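Could you put the whole structure together from the sequences, leaning on the hints where they help?
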Amino acid sequence: MATRNLHRFANPARFMRLAGAALPWCAGATAVLFAAGLYLAILASPPDYQQGETVRIMYVHVPAAWMALFVYVSIAAASLAAIVWRHPLAELYAKAASPIGAIFTLLALVTGSLWGQPMWGTWWVWDARLTSVLVLFFLYLGHIALMDAFDDTARGARAAAILALVGVVNVPVIKFSVDWWHTLHQPASVLRLDGPAIHPSMLAPLLVMAAAFTSFGALVVILRLETEIARRRARRLAAEGAGG
Amino acid sequence: MSEFEGTDVSVPRGERLVLANLRFCLARGEVLVLRGANGAGKSTLLRVMAGLVRPQSGTVMWRGRGIFAEADAHRARLRYLGHNDGLKAALTARENLEFAASLDESASLDKTSSFNESGSLDKISLGVVEDALARWGLARIAETPTRWLSAGQRRRTALARLSLAPRALWLLDEPASVLDAEGVERLSEAVGVHAASGGIAVVAAHGAVALRGAREMTIVTPEGGTAGASP
Amino acid sequence: MSEFEGTDVSVPRGERLVLANLRFCLARGEVLVLRGANGAGKSTLLRVMAGLVRPQSGTVMWRGRGIFAEADAHRARLRYLGHNDGLKAALTARENLEFAASLDESASLDKTSSFNESGSLDKISLGVVEDALARWGLARIAETPTRWLSAGQRRRTALARLSLAPRALWLLDEPASVLDAEGVERLSEAVGVHAASGGIAVVAAHGAVALRGAREMTIVTPEGGTAGASP
Amino acid sequence: MTGPLALFRRDLRLALRHGSDALAVVAFFAFSAVLFAFAIGPEQLGGVAAGAAWVIALLSVLLSLDRLFQADYEDGSLDQLALAPAPLAAFVVAKLAAHWLATAIPLLFAVPAIALLLRLDHDALGALLVSLALGTPTLVILGAIGAALTLGARRGSVLQALLVLPLEVPVLVFGAGAAFGDPETIETAVTVLGAMLMAALAVGPAAISAALRAALS
Amino acid sequence: MTGPLALFRRDLRLALRHGSDALAVVAFFAFSAVLFAFAIGPEQLGGVAAGAAWVIALLSVLLSLDRLFQADYEDGSLDQLALAPAPLAAFVVAKLAAHWLATAIPLLFAVPAIALLLRLDHDALGALLVSLALGTPTLVILGAIGAALTLGARRGSVLQALLVLPLEVPVLVFGAGAAFGDPETIETAVTVLGAMLMAALAVGPAAISAALRAALS
Amino acid sequence: MTPKRRRLTLALVALVMLACAAALMLRALERNIVFFVTPTELAAENSRINQRVRLGGLVEEGSVLRSADAPGAAFFVTDGVARVGVSYSGILPDLFREGQGVVVEGVLGMDGVFVADRVLAKHDETYMPPEVAEALKRAGQWRGAEPAP
Ligand code: HEM
Ligand SMILES: Nc1ncnc2c1ncn2[C@@H]1O[C@H](COP(=O)(O)OP(=O)(O)OP(=O)(O)O)[C@@H](O)[C@H]1O
Ligand SMILES: Nc1ncnc2c1ncn2[C@@H]1O[C@H](COP(=O)(O)OP(=O)(O)OP(=O)(O)O)[C@@H](O)[C@H]1O
Ligand SMILES: [Mg+2]
Ligand SMILES: [Mg+2]
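Protein chains in written order, with the working numbering: chain A, 1 to 244; chain B, 1001 to 1231; chain C, 2001 to 2231; chain D, 3001 to 3217; chain E, 4001 to 4217; chain F, 5001 to 5149.
For the record, the hints were derived by calculation from the structure and aren't laboratory data. Please read all numbers here as calculations on a predicted model, not as lab measurements. Beta carbons are placed, not taken as given, at the ideal position from N, Cα and C, and that holds for glycine. You can trust all of the hints, since none of them are fake.
Below, a sample of chain F positions facing chain E; criterion: calculated Cβ distance under 10 Å:
1. R5007
2. L5015
3. A5019
Simulated pairs of lysine to any residue, SDA-like, Cα-Cα distance not exceeding 20 Å:
4. K175/A - L107/A
5. K175/A - V190/A
6. K5137/F - A197/A
7. K5137/F - Y49/A
If you want it as structure tokens, here you go:
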């Protein structure tokens, strides 16, 4: 009886044992990578030939923007798994990850704005890149809101999963907006066909920072997953206790 | 032989399991009356049987094949009536039934249909609708928008959908609740005919029911998170 | 002595008279069960008795005074439960009852009230609500929005309004329709206590009712435009 | 008067919890302002912003009015209200007050933000706030008359509701006048808006409760 | 496919008989255009009229969308549709088509009158009509996704606005762009609107029916 | 069997529609949906006179005239084919310099002078330290700033 009730979380439980083992490594990697990345970005990398010292915003802006996209894509993939295979962990992952994605998106927006003021001469323009990132931010907010707009958690998870899948159209638009349209935002510097257009002395810190952001994201997602699973278990036990 | 069966069906609602490890098993021509206290989970079970609610665990099968895997086929073989009548208040009883009849037609053309003699689609469904109206005593109020009908008249209109086309499985949620004695009579006769022709009916009900030869199953309100059914 | 009586009540609906020259007459402590086919006019009569529908002709009087002339006083003495529960789906059972209780308070302060000992309004109504919840077996689901309740649980919540404050006249439209056996038990007990303390209850119902000492009145479906009532 | 007060509190709570109608108004308001900014483009926005903001605000207030009594009618709550001891007109006032509070007040709070978005100047913002604060209650009352008349909608009352609609136009005209003009026209317009509100308050609740009783019978 | 066809006919009939929703949309459209003309004044109207018309049209189309599935959900009709033999997605398409026909078509007929009022010239009118005809179906589909996702949610309609807004902005931008621009931008914009409609048609019905099934379970 | 085939058909229809959508999008993109217009495009359309537009291109080398006592400047914006004279009296962004990409927002007058009230600097995707830039220039490998695609 009890085992059957827990069947739903048997799989996550196994996963969480793995995650629990990975957690300290993740934390360590985050600390080391951030230390190295910040040192490289702030002290050890040269100013830009045009932008001067302002270029250092890049070491936050670009990893944040990448993470915003990456987290969204991962949520969409998890949503597909949740809808098609009803994988219990997928639904939990989407719930755990979307606030983090929203924060990365906000970070990209804010740093972009801060960078735009000195470089472009404006905080904000409605060009295709900026607008589509704003849309991404709203999609994240909608996803989060939809998740807990229902008294029934399962229902919220399904609705949010559908939204996440619908919103996937926006991702290629963000990525390629700079190529498809005349935007004020620059085209890709790193992920482009004929190799990075960033000098290695600036590319290295950028990549280290990107790694730091990634491991930080993983760390927070694992923590949130753990608390969510614990909370669901507690609520279930409480409900069963109240029933008896 | 069991035609329609469920094993280990568990359904959570809110934070707790409303149905836990419930099983049922129905042969052709069988009528099952669901009993249980208010909130025991009768309506929930009917929605599971209809394929509207997917249980958290357990299987529901028709002739050995999962109803969720073959959702289209399952829908085409059942008729469901919930607590709500599913009528449009601005349409008359006849219009509501005509609409219900045309919802079926795509199915009745695919399958062997009981009224494939001749005539255009519209004519077929018109005859069927006329028939259903008469069979449920609605002929005199067929042209009144259902908004103005009495509760029992509206329930009869909803029930008249049962007479539109033969379906193998009837799922009825307290169908007799606002019917008068004559209406209950018509209902039990309809269920009797349905069962006699090999159909299965599952009927949630409180109080006495006049369904001949019906088997009863009581859904027990789960205590301490455990639910079961006593057949 | 007749406390509540109607004479020659005629009510048109659409093109025809639903109630024609109907009369009724109720003494203190009496329970009247309204019977009649679907669409006979039971609900319509209850709405007339409540003062919601004004008959085309005829009079309805309480202690010899027309209820439409003294509409405010009449409203303050009755409790009506229609086919619809009158609950807000987004509010919990407790919140719905708290609201119903505060609708009464202006009245219970004007009149002699059964709970005028002391305390603030809020405290009074809280105690009353708690009581009503317990009396109808709703304590465990009091905090769930009524949207998620089962049909019977919702009906119980609507009925729990009866226990909020004493009223002289209860008008109940098929109150038992989705209740389980235990719910019906509670209902007939409540009606019994009400009648014993001198209250009047008019209950529309189909099928058997377990109301002790109830008088029955059948409303006949009008034929050829004429309606009557056989007492 | 605890009854009407309780209704007032219940409706506010429903608005906050369910949010369905009330908050939707603010969402709609913000939504349309953003759309405007997009459709017209920042370059040309300057000249028309005040007018646009005013029109959008009015439309938002009108938005949910047509369903004001519908939910209560359908789920049987209106029966209970009509049978409660307090007079129905008092419940109507409570309901309208709750509706106004739940829609117009958040809207007034949203106006400055929208003004920023639409690049409105300070004076226009002030006039907009004043005229909205005075004009919206009148709109709510007039709209509620229409809503009550169409409840249970037999054709006749739709017609009656159509007759109510033109009554709203003067409110709009003076409201817009107040938001736009020079200080003197503003004063006149404000006076007229105040007079209209008084008239609506005098006639509205009685008319509405009569229409509701008719719908229930 | 008689089932979806029947739903299409039923919804159209409901719209015509009940009238409330369909006519309300056109009334709202005309009403807001008049207000706009009043509020902004003829001098400044020229530059912004096309954009304003688009925004107003969009708001009108959105107006009734938040309750698109609500009535069917509450009275049990949605259960019946979900259990009918034809696929739910087909019913969704039929329902959206009926809604579009009952709201957008009368609106398109009203556009020339509105154009006169807003002093739009001939070319702009043509562009407006074409872009509205192409853009409104997309708006309906996107709005319906929001409506289906938030069915039964707390604070449903606010949430719906939040979900739908970001998705609809691009449609508006290109729609208004088409209504404004020179022939070449019009062609581009129309192509983009067409592409968006195709994409919405490809994704929408499946997403909506999935969301509806989730709401019923 | 039938339902399975029907689901397949539905999936196919959806795919075809997505393909249509992609095709239409590509067709539209050939024309390049614009945040700004280029000087060539502006020259080709007299209809833009006295309307607000955004104009994008490079600040022509050697064309910038600044006055000593006021902010702002007058300069030419070019895309290598056509050029448009621009006057601007506001504060210029840091990145504004000759040869650099800009987007200017304003009105093209009857006299052919574009009166800007906003100047945005646009830069390309190249990042390098100043020494490297110098070295590249000296080595003659400098590609210079290119107009945006
Ligand atoms: C609010 C304003 C901004 C937003 C929303 C924004 C957004 C983004 C996004 C989403 C990306 C990732 C694109 C990809 O993965 O291909 C990105 C990359 C980048 N952004 Fe921004 N950005 C903004 C402002 C700026 C500014 C002002 C600059 C520099 C002046 C800038 C420089 C870059 C660079 C260098 C990249 C890396 C390109 C690459 O992927 O190789 N961004 N930005
Ligand atoms: N979101 C939810 N949160 C908490 N409880 C819920 C929720 N949804 C449903 N329930 C509970 O699940 C049960 C559903 O019961 P169901 O409607 O199946 O009862 P039933 O046997 O049909 O009762 P009735 O005889 O009253 O119709 C009820 O006890 C209800 O309170
Ligand atoms: N506008 C109208 N036009 C025509 N007939 C109407 C109209 N309004 C009501 N009726 C008829 O009036 C009668 C109302 O009956 P009422 O609801 O009182 O019946 P009831 O006895 O309560 O029936 P039930 O047992 O089904 O609840 C019905 O026959 C209904 O068809
Ligand atoms: Mg039930
Ligand atoms: Mg009745």
